[in-house]
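The residues making up each chain are set out below.
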Amino acid sequence: MSGGKKVTKVFKRVYPFYFLIPAGIFYILLFLVPTAVSFFFSLTRWSLMDWSFIGLDNFVTFFKEPWLYTGLQNTMIFAILTSGLKVVFGLLLGVFLCSRIKSGEFIKSLVFFPVLVSTIAVGITFENLMHPSNGIINGFLAWFGLKGPNWLGDPDLALVSVALVDVWKGIGIATVIFIAGIKSIPEEYSEALQIDGGNAWHKFWNIIIPLSRPAMNTVIMLSLIGGLKTFDLIWAMTKGGPGFSTDTIASIIFKQYQAGFYGLSTAGNVILFLIVILIVMPLMKLLTRNEVEM
Amino acid sequence: MKFRKKKGLVLGLYALLMVALLSACASGNNAGSNAGNGSGSSANTNSSDTGKQQEQVTLTVLVNNLQTNLNMIDAIVPEFEKRYEHIKIEVDTYPAGGEGDNLIKTRLATGDMADVFIYNSGSLLQALYPEHNILDLTNEPFQDRVLDAFKRSVNVNGKLYGVPFGATNVGGWLYNKKVFEQLGILVPKTWDELMANLETIKQSGTGITPVIGAYKDSWSAQMIILSDFYNVNAADPNFADDYTANKAKYATHPAALRSFQKLGDIVGYMNEDFLASTVDVGIAMLAEGRGAQFPIFTSQINTLKQNHPDKMDDIGFFPTPSDSPDVNGLTIWMPWTAYIYKNTKNVEAAKTFLDFITSQEGVNILQSATTPTGPHLIRDAELPQDVPALVKDLLPYFESEQLSPALEYLSPIKGPNLINIVVEVGAGFRSPEEAAALYDSDVEKQAQQLGLEGW
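Protein chains in written order, with this note's numbering: chain Y, 1 to 294; chain G, 1001 to 1455.
Just so you know, the hints here were simulated from the structure itself, not pulled from any lab data.
Please note that a few of the clues may not be correct.
[Claimed, not checked] One side only, chain G facing chain Y, incomplete, derived with CB under 8 Å:
no. : residue
1   : P1095
2   : N1102
3   : G1158
[Stated by the list, open to error] List of simulated lysine-lysine pairs, BS3-like, C-alpha gap at most 27 Å:
no. : chain 1 : residue 1 : chain 2 : residue 2
4   : Y       : K12       : G       : K1392
5   : G       : K1007     : Y       : K12
6   : Y       : K9        : G       : K1007
7   : G       : K1305     : G       : K1392
C-beta: ideal position from N, C-alpha, C; glycine also.
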């Protein structure tokens, strides 16, 4: 009888883990095992049919890639630019939509709908809209007598153009997260502000920004990680071009894979994985330090 | 009572999810193997005697989506099916260019390839590891009909892997004869003459584009450099071998470097939106006289025929000139090649198809489906009598054998980033000399991947 009681105690502690098994199997088989295997293959010359061990040569070759520096620069610029714009505009839109306005629900769905559309479809559509002579964007500017720039053909401008499309597409998620964060701020603070005689600006600067820190951190982390890894939109719009001016690490890796250098592109992915961790972990620590207890 | 119902619902949904996932996995596998190996119910035909009653076979054929190839496939498949009633063909297409290369390699690696697939030969064949993936056709009877000039490009370590499908292609300059006449310029015999022509056109005030650029189809940006190879080969016949052995480089070999410099020379003479224009748009510009000349493959004659049939005789051809008027010849690309997947279940049917496309009958059908711009490299195959202006311009070179295969047929090395490097030069952000050096280092990766000596 006492033995049964002990078993029940252990069972009660352990049995929640049983629920993790189904998801756990998928996670291990589809994520952990391939990750471990790819660490191995990054050290080989691989042709998918056979492999030969070459140690760290792939990593050396990857770092000698002439366009790697451009790619790294572009990745950083793209990630920081899209992340920054999504935070700023996401917050502004979130505040706007939290206030009681008539067409609030409609605008919410308008802001969110780009998130639902296929990235490739968005990429191809905007590529056509941005055509220097036939595109609608430049046609629209021409109405005002302005000559629109070569959005995707000017190497200095192309990356920014793609970043703007990425922000257009992803702002919905940032806004939704901010709305949730703002709505969770307790009413007492706004009431206290009213009593103290503060106006909308005080509400924004002294209440909303500090207290929506968790939401802001989430948006920064998600958009930064997404921006660092971004591939599909850039590939759909410019394929890393013109030349190499919109290449990011992900598209460099993809081009190596396309060329059949499988070991080399696996090494590239390992490097990307390490870069993302090296940037994101310290950033996460830094941001969560500032989170306020409500 | 309420909890009971919820629990039942949860369990039901969970069961549904597992069933959906498992069935998706199972059907995914089936679909894959079906596409790869022909229909599950196919059987090997034991003899090729047309008299016997044979089992129904479905042969899958994978071809790229260039108009030339689509036309040829559309013409030959019905005729083949009429002749061999027990074989039915299913055609599948893939995109041309880098994405297509990727797709072919992946499908071979994952065991999901069609019975017969049509692809390039030469260096691109080497990258497919033919010994592992492609059926050896060295001793097939139909190889007797194939000319030696072709066999060289499908020969890997002494074995022959493919047969020609279609005509030879030539890389060079298509030009609008009417525009040349209008502006009083002649076909250039040297590169300096070509540059002088460009300047004349630019200064003419007619708004006609001197050189058409179609860099959105980025593969077309390579044309000037690749089609200059006849001149490189003429200056140094050992270049290809030295290049393969890491003894000659684009950056330091004067004749090879000229190719890059020629591309640099035309910067500023192209249409303003060249980075956003496709080859189809380029051909339209050429046909309508809005552009004077276009460095591209002669196989584009099929696009011309399709979209601008009344302008066929306005378009002529000249090869990329060298610096001397005495050195002038065609850089040719081998016809597309048909291969048989090594692990196909329909070996006999596939061989029958390859036999058909190399027969006189097959070649005649292919020729009528597209306008050939060169010989078919099959014994006794002749060009039709009535050819458009462009082809007439090519004939003298073929007759006097002023030809060279493109570098990719003489050397297994072709760097994957050439297209992007070349776009940078054409768009004016990189000097030709820098680009040549960059391409040399790019090629190193490919050589190492292939395990070549000397790298």
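These are the hints, each one checked on the structure:
no.: 1; hint: P1095; result: 12 Å, violated
no.: 2; hint: N1102; result: 4 Å, holds
no.: 3; hint: G1158; result: 20 Å, violated
no.: 4; hint: Y/K12 / G/K1392; result: 88 Å, violated
no.: 5; hint: G/K1007 / Y/K12; result: 20 Å, holds
no.: 6; hint: Y/K9 / G/K1007; result: 25 Å, holds
no.: 7; hint: G/K1305 / G/K1392; result: 16 Å, holds
Comparing the model with each earlier hint shows violations of hints 1, 3 and 4; every other hint is respected.
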